[in-house]
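Engineer: Chains as they are written, first to last, in the working numbering: chain E, 1 to 401; chain V, 1 to 401; chain F, 1 to 401; chain G, 1 to 401.
No lab work stands behind these hints: they were computed from the structure. There's no promise every hint is true.
As the list claims (entries may be wrong) - Take a look, some chain G residues computed to stay more than 10 Å from chain F by CB distance: (1) LYS58; (2) GLY111; (3) ALA391.
Stated by the list, open to error - Here are the simulated lysine-lysine pairs, BS3-like style, with alpha carbons at most 30 Å apart: (4) E/LYS141 - F/LYS22; (5) V/LYS141 - E/LYS381; (6) G/LYS156 - G/LYS175; (7) E/LYS367 - F/LYS175; (8) E/LYS401 - V/LYS337; (9) F/LYS237 - F/LYS250; (10) E/LYS399 - G/LYS175; (11) V/LYS399 - E/LYS5; (12) V/LYS381 - E/LYS6; (13) V/LYS337 - E/LYS5; (14) E/LYS156 - V/LYS401.
Every residue gets a Cβ at the ideal spot worked out from N, C-alpha and C, and that includes glycine.
Given next are the chains, with one letter for each unit.
4 protein chains.
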Amino acid sequence: MSEVKKVVLAYSGGLDTSVIAKWLQDQYQCEVVTFTADIGQGEEVEPARAKAHALGIKEVFIEDLREEFARDFVFPMFRANAVYEGEYLLGTSIARPLIAKRLVEIAEATGADAISHGATGKGNDQVRFELGAYGLKPDVKVIAPWREWDLLSREKLMAYVDEHNIPVEQKKGNKSPYSMDANLLHISYEGNSLEDPWTEAEAEMWRWSVSPEQAPDQATELVLTYKNGDITEIDGKPMSPATVMEYLNKVGGENGIGRADLVENRYVGMKSRGCYETPAGTIMLKAHRAMESITLDREAAHLKDELMPRYAKLIYNGYWWSPEREMLQAMIDISQKHVEGKVRLKLYKGNVIISGRASDKSLFDEKIATFDDDGGAYDQKDAEGFIKLNALRLRLGAKQK
Amino acid sequence: MSEVKKVVLAYSGGLDTSVIAKWLQDQYQCEVVTFTADIGQGEEVEPARAKAHALGIKEVFIEDLREEFARDFVFPMFRANAVYEGEYLLGTSIARPLIAKRLVEIAEATGADAISHGATGKGNDQVRFELGAYGLKPDVKVIAPWREWDLLSREKLMAYVDEHNIPVEQKKGNKSPYSMDANLLHISYEGNSLEDPWTEAEAEMWRWSVSPEQAPDQATELVLTYKNGDITEIDGKPMSPATVMEYLNKVGGENGIGRADLVENRYVGMKSRGCYETPAGTIMLKAHRAMESITLDREAAHLKDELMPRYAKLIYNGYWWSPEREMLQAMIDISQKHVEGKVRLKLYKGNVIISGRASDKSLFDEKIATFDDDGGAYDQKDAEGFIKLNALRLRLGAKQK
Amino acid sequence: MSEVKKVVLAYSGGLDTSVIAKWLQDQYQCEVVTFTADIGQGEEVEPARAKAHALGIKEVFIEDLREEFARDFVFPMFRANAVYEGEYLLGTSIARPLIAKRLVEIAEATGADAISHGATGKGNDQVRFELGAYGLKPDVKVIAPWREWDLLSREKLMAYVDEHNIPVEQKKGNKSPYSMDANLLHISYEGNSLEDPWTEAEAEMWRWSVSPEQAPDQATELVLTYKNGDITEIDGKPMSPATVMEYLNKVGGENGIGRADLVENRYVGMKSRGCYETPAGTIMLKAHRAMESITLDREAAHLKDELMPRYAKLIYNGYWWSPEREMLQAMIDISQKHVEGKVRLKLYKGNVIISGRASDKSLFDEKIATFDDDGGAYDQKDAEGFIKLNALRLRLGAKQK
Amino acid sequence: MSEVKKVVLAYSGGLDTSVIAKWLQDQYQCEVVTFTADIGQGEEVEPARAKAHALGIKEVFIEDLREEFARDFVFPMFRANAVYEGEYLLGTSIARPLIAKRLVEIAEATGADAISHGATGKGNDQVRFELGAYGLKPDVKVIAPWREWDLLSREKLMAYVDEHNIPVEQKKGNKSPYSMDANLLHISYEGNSLEDPWTEAEAEMWRWSVSPEQAPDQATELVLTYKNGDITEIDGKPMSPATVMEYLNKVGGENGIGRADLVENRYVGMKSRGCYETPAGTIMLKAHRAMESITLDREAAHLKDELMPRYAKLIYNGYWWSPEREMLQAMIDISQKHVEGKVRLKLYKGNVIISGRASDKSLFDEKIATFDDDGGAYDQKDAEGFIKLNALRLRLGAKQK
């Protein structure tokens, strides 16, 4: 165990990270700095201050990162139409690099030589935190208590709590049986009955959205305004990135939008079942594609589509702070310069239905596309040469056989 | 105009191809052979026989290709989870190579030296028919009347009909205002009011599905059985490929599944608005991904995902009968050898909701994935080395800056 | 034939484009503007002025574009390590977009409504000129005489020359039997005896380089200095991009570097045999890879490698002025910010041999790479976890079988 | 340390693996089975038998795997034109999966529960051995002594040798200062003075080839015959795969062919300098591309080119025995069915110069490619439509700006 003087801990204020805060002080005989961020998880972060102080922490950082999270992480990712394995909108993955960045920045600011987090040794989050930290501060020491200690059962953990007099909230008993994570983009559920992929998720598990069955019988209509590939207004009202997401989460959740139940492949090697609620993200993905459909060049769109799975995988695997993600981002961002205009859509019982798109930068040319007389905008005879030359190699190939 | 002795025409029995049948005889002074196929478009094909005879055609081919279409074209494509531009399930695209193949085979069988079709010079279908034909019979002559003749308005066409006494059905008047295409996989709509991408599709346009609003208030549950990546049973009942599709179209359509409204990029260069109903395909895509999610290796799945857009584009652009499509198909097919088991899902008002997946060949290992004690199935300490080595280059890169 | 008032012609001063200049005036009854550029082809361009005047041309543009060509086209392409079909360094392809750009700019400046060029209907160059022109000036009219006129044999062409009194140089007789193209990056040969791919190219054909056999028995050593992925100095002497290329062409050619003899796939569908001399380019490709080998991150390099064939194909096919090329360029350029330092190499009888690379921004860490004791810079035990987690999916897969 | 009963060791007969054989017996108190293979490294393998017996080994496996190595590993890899990072021909990488396969098969045959190898914790080979073993026998125990023991300096190793009376050859003193590896495909050098990438490799280091300077002044000409993408004859003489490689190594080495000096990116994270001699491989790569150039369809070739870096990376990283490599191989192999014919080439002082290619399955059509009158084989007017439709999106895009 190498020597550590001061460690910055990603601290939620909950039981696990409270135990870690104490354990770090005991085990490493080091000072602990806590860092708690509001990234839209829907819980108060201010109470973490008193809890930290009660654990003997002197330096406590509590920050509202919602706008930075939406603007610099979620929005750039949605420019890419990123989806992991065809289904997962990367809600947890995209929050980790921001936390890693702030952990490292606070370490720099407070003179800490280490960071620590509460992610287990089986999951992707440890990878995301640590690759981010190493990529931003190459000599940082990372402490991952779940890979080090022997408090691997809840009983041992609670014994440690009692033994060290760690203040915990009384509501221990009613805790959700699922392992959960939440931020502006989503809330996720893992573990418990979900560990059998044949078992349906319980109706009571879901927290952010009603089921499609329980959603209103009337559709909700929205008009989203885009600029440079990002939403800037809803129904004509300018909104900041975080506000856009909060608003879409609300109306999306009310209309049963954005539930997903899937088995995904973790970077650490196993398959895992997860359930997700991503109301805003589900709307944003569909609407962004619609906006691109009339403003983005065909081959630009196809290039993006072909590289999207790789981009999504990079984020899923924790490589946000890598040169290859920056390269792809540069490519994606430059494609969005004319992705602007309006998309009209309806939310109805789990469905996001596009009903219109318009743009001053539209590449849709009615005159050319029409089935009616186009007045010569397009010469149908050109198609023969187009087909003939494209067919030439196929004809030579057919003769080869 | 080169000399043609006999031409095989893709003949629907409708007005346009009837005019073409007559025009070919007049213009090229050649014999015409008609070919009409049932590929699940939902209309009787047998009446085409009498119509063809009335036009003076001697050789008339009428065939039921539904099983071949589903088995050899649709099913292989769904093994790839193919979607064009994130939305379009390739319903029209996948039918054309089969028609092209039969046109060429009939040309060989009847000693014809040319083929002909009724696709216009603005669309993708001309490309798909012709690339297919050239790729299978390199010296074939292709006649595309819409690119040659001057009957470019409905008035001129009707004048030709009258002048040549072409028998047409009386229902001329009530014709749908949309340009439509249908087969086992979908029905499509283009033109008319859809030519403005801001205008919502009319409720009366849709033919195969009810709207989500009008779908039943009760979900329909299904269990699909897969073998080698293909559906072989529904609710425990073995079914042929075409039967699978007919059944899923029926229950899907009843539950408002599979409508899409989008702007796509045509191979010939313009953007075009299309609306589609693809009930079976929508269910099949979601279910196949679920089946793969527990039976397919992570990197095999990611390789498929990265190549899928290219595969979909090949089919969209008309390159089914090309060496590159065969190469990708070989790659995809070999990946499906263990994609087997069951997927349970619910259809509800436009939603396809996966509620379970199970397989004897499952790669999902509950023992490893569990949040509880795993008895040593996975050593959390391994994660440290995994992260450290993956981070090494990032750390060196950070020092470079 | 649509009406044309003024056309800008890419004019070499040679026979073919002189005929075109006259033919355009006759056929279209329009004014002709000539544009002749020095892009390093090794021939005087100034004489084109008098020839143009003799043909009755009033507006004559003659420009030295060597620096622009090297700096804005060749150098950016070499940042990508671009090679078409594993062998071809894109010498002709990369010059066309610059010519297209100037044609269009001169058309704007002179109020011309059309452009014209001397490329045939079988080759790639027509595509490159025209896609460039359409992409920069969408309403431009393009006149491609070789696709229009009937002067398809040399006899007819010479008859036209005589008939119209077109001034041609006396050296007509000694003309090379090959179709050639040259610029700073290469000289190419096609046609004649090369049309049989089994026939070896004649020794007398080659113009820029000696054969390896005739090259000096002593190697020439060079040190190239890089900054942002571009060569800025040779042997410590700062040089402009065009000077770099001229210098490397000279020493490369003297050492038998850069000959290639290959069969390539044209965009218009056929295979074609070409021979190329690309001395500077051959050295630059090898040296740039060596510079990247110590300064570029692994995954950044691999991403570049995977996209390189697509980037090269875009340039080969004429899509320099396309959004997808711009996207890829943005991705490539951002990767080059630390590609700087020195590469030492030897040129010897056709071989480019790297003998050293060094950089202040090197990612090569001797302390870590060493076979000797590394003092803990790398913990070999980390490798076990790395392998174990990477193997996990393979082990689960092996059990599946 | 888990219990091990019997371990199969990849045994070279050299010092290091002899120490390992003894150490395994001591440390694990287990039986050791040795496995020594001739894969063309150019050293006798039979002497390993006596050495193993002297170490107390009872089960000794000595095998000639040259044909299997060439036929089932090297040849399939060359069908892909595989090159890692633009330069490295994967000589070491491709041998490891065969060794891993035999280790596992011998473990099955002898009832061993573990395998062991002499690769260090810093290199790629440990990964290749172990991923292969885990992928073929998921429950195998792998012992990697270099990651476990404390014999990390040569002194400690020699002390162990003396202490345990391990028989070593007398030539200890003259050992090459480089870390080397050899098989039919290549010989490699790492370490020592190569650890500074600015330092040129010493002339005496190279073992298989003369330098270009010392190669004959006369070129050597060869004709290679291909079938299904593999070489089957040289100069008209049928040869087995291993014989092909031995022959080409000989003539290649004599002509100074196949030296490479490069810095590569290891999978375990660091950059490393390596020098390689790959005479046969260098010839095979160039010749195979030439054979494909006239027999492989353009888009098939481009698809291969785009996926090649990924395929090469899989092999470099040790994933030969993975589903994704099998998928890519299926794709590559199907592309080779018509890659047959002859390639003529010259070897001269480090250069491999293609001088001809011919095939009964050639796609090169002189009639179409010719600059002379083609008698209508290709209609130049088709090019206009081809360009016009390809330009349509670019023109719409230009108007957007």
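Engineer: Let me make sure I understand: some of the numbered hints might not hold for this structure. Which ones are they, in numerical order?
Structural biologist: Of the numbered hints, 3, 4, 7, 10, 13 and 14 do not hold.
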